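Asker: Dock chain B against chain A, hints included.
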Amino acid sequence: MPIYLDNNATTPCDPRVVEAMIPYFTEKFGNAASRSHSFGWAGEEAVDYAREQVAKLINADPKEIIFTSGATEADNLAIKGVYEMYASKGNHIITCTTEHKAVLDTCKHIEKLGGQVTYLPVAEDGLIDLKELEAAITDKTILISIMYGNNEIGVLQPIREISAIARKHGVLLFTDATQAVGKIPVDVIADGIDLMAFSAHKMYGPKGVGALYVRRKNPRVKVTAQMDGGGHERGMRSGTMNVPGIVGFGKACEICMNEMESEAARLSKMRDRLEAGLMQLEEAYVNGNREHRLPHVANISFKYVEGEGLMMGFNKDIALSSGSACTSASLEPSYVLKALGLGDDLAHSSLRFGLGRFTTDDQIDFTIKAISDTVIKLREMSPLWEMFKDGVDLNSIEWAHH
Amino acid sequence: MAYSEKLIDHYQHPKNVGTLDKAKQNVGTGLVGAPECGDVMRLQIEVDEESGLISDAKFKTFGCGSAIASSSIATEWLKGKTVDEALAIDNMDIVEELNLPPVKIHCSVLAEDAIKAAINDYRVKNGLPEIVEDKKHH
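Protein chains in written order, with the numbering used here: chain A, 679 to 1080; chain B, 3 to 140.
This is chain A alone, in the form it adopts within the complex (with noise of 0.2 Å):
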């Protein structure tokens, strides 16, 4: 099998997680609303208990956790469910460029319904800056939305200080922490969050289920239902709960709580190897404030080398991510490279890299000779690297342009 680093995509499910899901799929398949009898009282209990794993790993109350299919969906019944419900006390929602797609482009519907969205640059370390954030709220604000770190550098934003400014003007912070629950302590009270989006299968839990956490006290957060139907969810998300899924996502989050710290140390420790090996080379420049980062996640350009073209070199054994999606057949570089300033040159020239649970000191070793191999290779039939070797200024030759 080739090797993963693509955990920033997804994860595979940890045997411990598998393991406790199937007997809900067969024996114990009861429907956790039906309250008439034994199958649907196991598929309840079952639920309540995985709320409680879940609630425990961000510190909140189980009450708070309200199950959907994903983070996808959390950022939508966020969003849009918050955007409803404060209709009365404005239409503004202040985000950042950064922020992935689910959230952008919930952001977008807002507007076309005739919201307001402000969306704040970042600095070319992918930071947002707070004075920034403070200036844009208005007497309309009713919700911010800044993600806890970024899914393609990892970068993680000063989440505590834009609660507390949003508390002193009075308006919810959502934040979107897929990539960060289960890899850092996230603490809902000491964080300050209002709300938050995460999902099982970035943590090594099934895909198809995740959970928007909604604060009820201090103050008490209310978020219009986007799914019409039998009320589960204190009415907030209709739909038969996915008893295995959730029962997944609730062993998931157990795991995380008893081993985060020390994975975390550990992959942090081998994102640095890795990090060190590859800044070896010549023109390789990290993408992404360093310090404030997730600890399994780095992503880095090669200058002078494509993306896509530097993969091919290695895909059969390394899986992997590129900054330049020329894959997904769009051919734009990274949104999230490019609003930190990067040129398109160099963010087509990135690679993304997502440690996990299961990655091997021996992987890392291979990856680091891999992709050095394949970057001195393609450099060596690169006009480009030619032309800068030869002290050739490439910003003054006359491009054609497709």
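The set of hints was computed from the structure by calculation and includes no laboratory data. Please read all numbers here as calculations on a predicted model, not as lab measurements. For glycine and all other residues, C-beta sits at the position ideal for the given N, C-alpha and C. Possibly wrong hints are sitting among the right ones.
[Claimed, not checked] Rough simulated footprint, nothing fancy, chain B against chain A, three-plus residues with beta-carbon under 8 Å: (1) 1010-1022; (2) 1058-1068; (3) 1071-1078.
Answerer: Relative to chain A, chain B alone:
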């Protein structure tokens, strides 16, 4: 995306990577694409003045595997052809030879553009008029 064996082979073992002396009268150089677009090809031909045949061809490419393979195969095809014959190389020949997927057709277009640019550079150097493209790809 599954690539053809031939394409992968040209990516792994590219033919004619290198640089010819662009100052020479009988060398034509074509540089096409842009770093911002994710691909740049430089293709060069050296013409034997006595026979009129392309005696050598070299390339360097910044781009995806399809772009590298397209330029590699283009240099293979150029060698031994007259300049006029070289002009007849069509991007669709490259598409067929490498079995390029639709999203990668632009790589073959770039290779054809690089051939034409190298030939025009050679022609202008040798007092011949530039050939204006009659075909619009993009």
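Asker: Hint by hint, say whether it matches the structure.
Answerer: Here's how the hints hold up against the structure:
1. With 3 residues having a beta carbon nearer than 8 Å to a beta carbon of chain B, the segment 1010-1022 of chain A meets the requirement of three or more and the stated coverage holds.
2. With 7 residues having a beta carbon nearer than 8 Å to a beta carbon of chain B, the segment 1058-1068 of chain A meets the requirement of three or more and the stated coverage holds.
3. Under the rule that three or more residues need a Cβ within less than 8 Å of chain B, the assignment of the segment 1071-1078 of chain A holds, with 4 such residues.
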